[in-house]
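Line by line, the protein sequences are chains A and B. Per the numbering used here, the very first residue in the first sequence carries number 172; after that it's consecutive. Per the numbering used here, the very first residue in the second sequence carries number 932; after that it's consecutive.
These are calculated hints, taken from the structure and not from any lab test. Among the clues, some could well be false.
Capping the alpha-carbon separation at 20 Å, the derived lysine to aspartate or glutamate pairs in DMTMM-like fashion look like this [claimed, not checked]:
| no. | chain 1 | residue 1 | chain 2 | residue 2 |
| --- | --- | --- | --- | --- |
| 1 | B | K999 | A | E345 |
| 2 | B | K999 | A | E329 |
| 3 | B | K1048 | B | E1077 |
| 4 | B | K1096 | B | E1077 |
| 5 | A | K434 | A | E251 |
| 6 | B | K1092 | B | D1072 |
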Amino acid sequence: MTLISLSYWDIAFAASLLVINAALSIFLQLGVHRQLVISAVRMVVQLTLIGFVLLKLFGLVSPLWTGITAIAMVSFAAYEIMSRQERRFQGVWAFGLGAGPMLFAAGLVTVFSLMTQIGADPWYHPRFSLPLFGMILGNTMTGISLGLNTLIANTLRERNAIEAQIALGHTRVEALGPVIRQAMRTGFIPIINAMAASGIVSLPGMMTGQILAGVEPGEAVKFQILIMFLIGGATGIGVTIAVLAGAYRLTDERHRLRLDRLKQV
Amino acid sequence: MQGGEAVAVTGASGAGKSLVLRGLADLIPNEGEMSLAGVNRSNMSGPEWRRLVTYVAATPGWWAERVKDHFSDLAQAKELAVGFLLPEDIFANPVAQLSTGEQQRLVLIRALVQGPKVLLLDEPTSGLDGKATARVEKRLDKFLQEGGSILFVTHDGAQAKRLAKRCLQIADGHIEERVL
Chain A
172 MTLISLSYWD IAFAASLLVI NAALSIFLQL GVHRQLVISA VRMVVQLTLI GFVLLKLFGL
232 VSPLWTGITA IAMVSFAAYE IMSRQERRFQ GVWAFGLGAG PMLFAAGLVT VFSLMTQIGA
292 DPWYHPRFSL PLFGMILGNT MTGISLGLNT LIANTLRERN AIEAQIALGH TRVEALGPVI
352 RQAMRTGFIP IINAMAASGI VSLPGMMTGQ ILAGVEPGEA VKFQILIMFL IGGATGIGVT
412 IAVLAGAYRL TDERHRLRLD RLKQV
Chain B
932 MQGGEAVAVT GASGAGKSLV LRGLADLIPN EGEMSLAGVN RSNMSGPEWR RLVTYVAATP
992 GWWAERVKDH FSDLAQAKEL AVGFLLPEDI FANPVAQLST GEQQRLVLIR ALVQGPKVLL
1052 LDEPTSGLDG KATARVEKRL DKFLQEGGSI LFVTHDGAQA KRLAKRCLQI ADGHIEERVL
């Protein structure tokens, strides 16, 4: 097997597909050409930069710089979760409800995997830790984002029902229970779908990447299965913590519903 | 407030009548000391307080699909429903089929069967006809005779007079007490 190295011309040629898209958008008045171009440019710049960063980090093999990079990734992901919320919490909670559970869940599962299955030396080696952390983080982010969105939206929608229960002396756990469960279920849907569809509907990107790079399909498949389990585990931990913490913040110690803690629209 | 006493709360829409009731039920953060029969509110948990001092909102809230799943004591609820001129089989119905007037009576029943000491009622009969209103008022009278207290918001001056001897008028952030 030979590693296929891409020239810049190869990539530029592929970019012409997006130019066609943009032309279509203008021709059909879809109005997405601006966003399309901006996000394509962002993608190229971000990936190029991370390429350089990874190269540098792989040379350093420093626990400090690897950790700092991981924290930066979590911050970007938490910001992404925050901006995807239709209604968000006031103050630091909007950011913290995403960042805290993500850092804990993705960090825990990544370290678990590095120390057991991957067995990297040293265990924090950025060549293994950062790609692994990135894949787990990205999927955990999607789950938490959906979970929190559902929690807040359904609490607002079911406001009368929840307040009626609280007014009758039900506890906040009783009153918010159905909403909490629905939010958690929603957070799990992407990973369930991804697992159910992989191999039939979709060939996961990491696996195909490994195969394209010359790895035996059998080995790539094993690796992909491992990644799916890691993602599933991290999503479960992250969604559970985030939704419970969100529900905790939506109520107070006297079991009142505190919608005033959401940012006003 | 005395046991057995009803106090009407009146004032223009948006003056803050509901806010006062919600504050008393400890549904919104508020300051001020409150006690019931000598026990301070801060010595009770929120749910404990609300079981004794129960707020019934003007907009009914339902959390289960069927009517019957909302009542802690279904037998007693059925008894009260008959007195409120509601059809007996209403408890088997889905909530979505209830009319405004039916909902209003049912949420009052829901609070009554829990045996509260104080009822905070937000326009309890606004969606009812004269006959049903009379039945509800009669039951509230009984609640008062049994030693309960009622604070109720109403836009109906005649109803305020029928049930209460005192009235709290809310305007421009002030509360003024009047004798009816």
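Results of checking the hints against the structure:
1. B/K999 <-> A/E345: holds, 17 Å
2. B/K999 <-> A/E329: Holds. B/K999 to A/E329 sits at ~19 Å (cutoff 20 Å).
3. B/K1048 <-> B/E1077: holds, 9 Å
4. B/K1096 <-> B/E1077: With a Cα-Cα distance of about 17 Å, the restraint between B/K1096 and B/E1077 holds, given a limit of 20 Å.
5. A/K434 <-> A/E251: holds, 17 Å
6. B/K1092 <-> B/D1072: holds, 13 Å
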